[in-house]
Amino acid sequence: MTRHYTVKSLALAFFITLGICAQVGKAKATDLETITVAGGCFWCVESDSERVDGVTEAVSGFIGGTVANPTYKQVVKGDTGHYEAVQITFDPEVVDLGQLYSMFFRSIDPTDAGGQFCDRGDAYRTAIFTSDLAQANAAKQAKAEAQEALGTPIVTPILTASAFYPAEAYHQDYYKGTQLVLTRFGPKRQSSAYNAYRKACGRDARVQELWGDAAPFVGG
1 MTRHYTVKSL ALAFFITLGI CAQVGKAKAT DLETITVAGG CFWCVESDSE RVDGVTEAVS
61 GFIGGTVANP TYKQVVKGDT GHYEAVQITF DPEVVDLGQL YSMFFRSIDP TDAGGQFCDR
121 GDAYRTAIFT SDLAQANAAK QAKAEAQEAL GTPIVTPILT ASAFYPAEAY HQDYYKGTQL
181 VLTRFGPKRQ SSAYNAYRKA CGRDARVQEL WGDAAPFVGG
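Count the sequence shown with our numbering and you get residues 1 to 220, in order.
Heads up, a few of these hints could be off.
Unchecked claim - With a Cα cut of at most 20 Å, we get these calculated PhoX-like pairs of lysine-lysine: (1) K188 with K199; (2) K188 with K176; (3) K199 with K176.
Just so you know, these hints were derived from the structure itself, not from any lab.
Computed from a predicted model, the values in this text were never measured in an experiment.
Start from the sequences and build out the full structure, keeping to the hints where you can.
This is how it looks when you write it as structure tokens:
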């Protein structure tokens with residue numbers, strides 16, 4: 001009887017431990033936070049964001065417009081009012097809001113109100129979309145610090161977040177895709193096409209011109 005009782009006790013302790021571990025894992029998952037930023041081409045912002053320690057996911061999509069579930073073609077035509085944007089999920093114990101917003105400003109040209117680099121038009125404007133007071137305050141502080149660092153006015157607005165619509169599947173993780181695509185540079189794998197586009201668009205060259213050694217993703 002004593003042996004049977006000991007085995008039952010050990011089994012009970014084992015399952016209690018499993019339950020505690022599951023709860024801890026669940027609590028950890030709910031501690032992740034999400035921000036949304038627009039910085040021109042969402043392929044580039046997604047690529048940059050996923051290089052940051054503590055970022056668990058970056059999703060390309062659209063925000064700020066007047067049409068539900070817009071397509072990429074609708075957005076880039078400029079008829080919907082949406083921005084190309086990226087929703088970034090991160091662990092605040094590894095990287096905080098202020099760090100993310102600071103890196104974001106230093107990965108774009110926040111002095112350009114008409115688009116970003118070679119991409120022109122409303123869809124490619126920059127913005128930070130905030131969903132609560134903590135995000136708004138952190139974004140405002142990062143913007144003020146970036147403006148002081150540049151010594152010139154920053155036109156990137158801080159806006160209240162609205163519905164975010166993920167872009168089509170082929171846009172997600174485009175920068176590391178292996179599918180063959182036809183580009184103006186000829187047939188290339190997605191990752192090679194992305195690198196060629198980024199260089200031709202002048203993104204890194206302009207960011208480095210503005211931010212110098214403070215640019216965190218040049219060469220990405």
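*asked:* So, against the hints stated earlier in the document, which numbers end up violated here?
replied: The structure conflicts with no hint, since it agrees with every one listed earlier.
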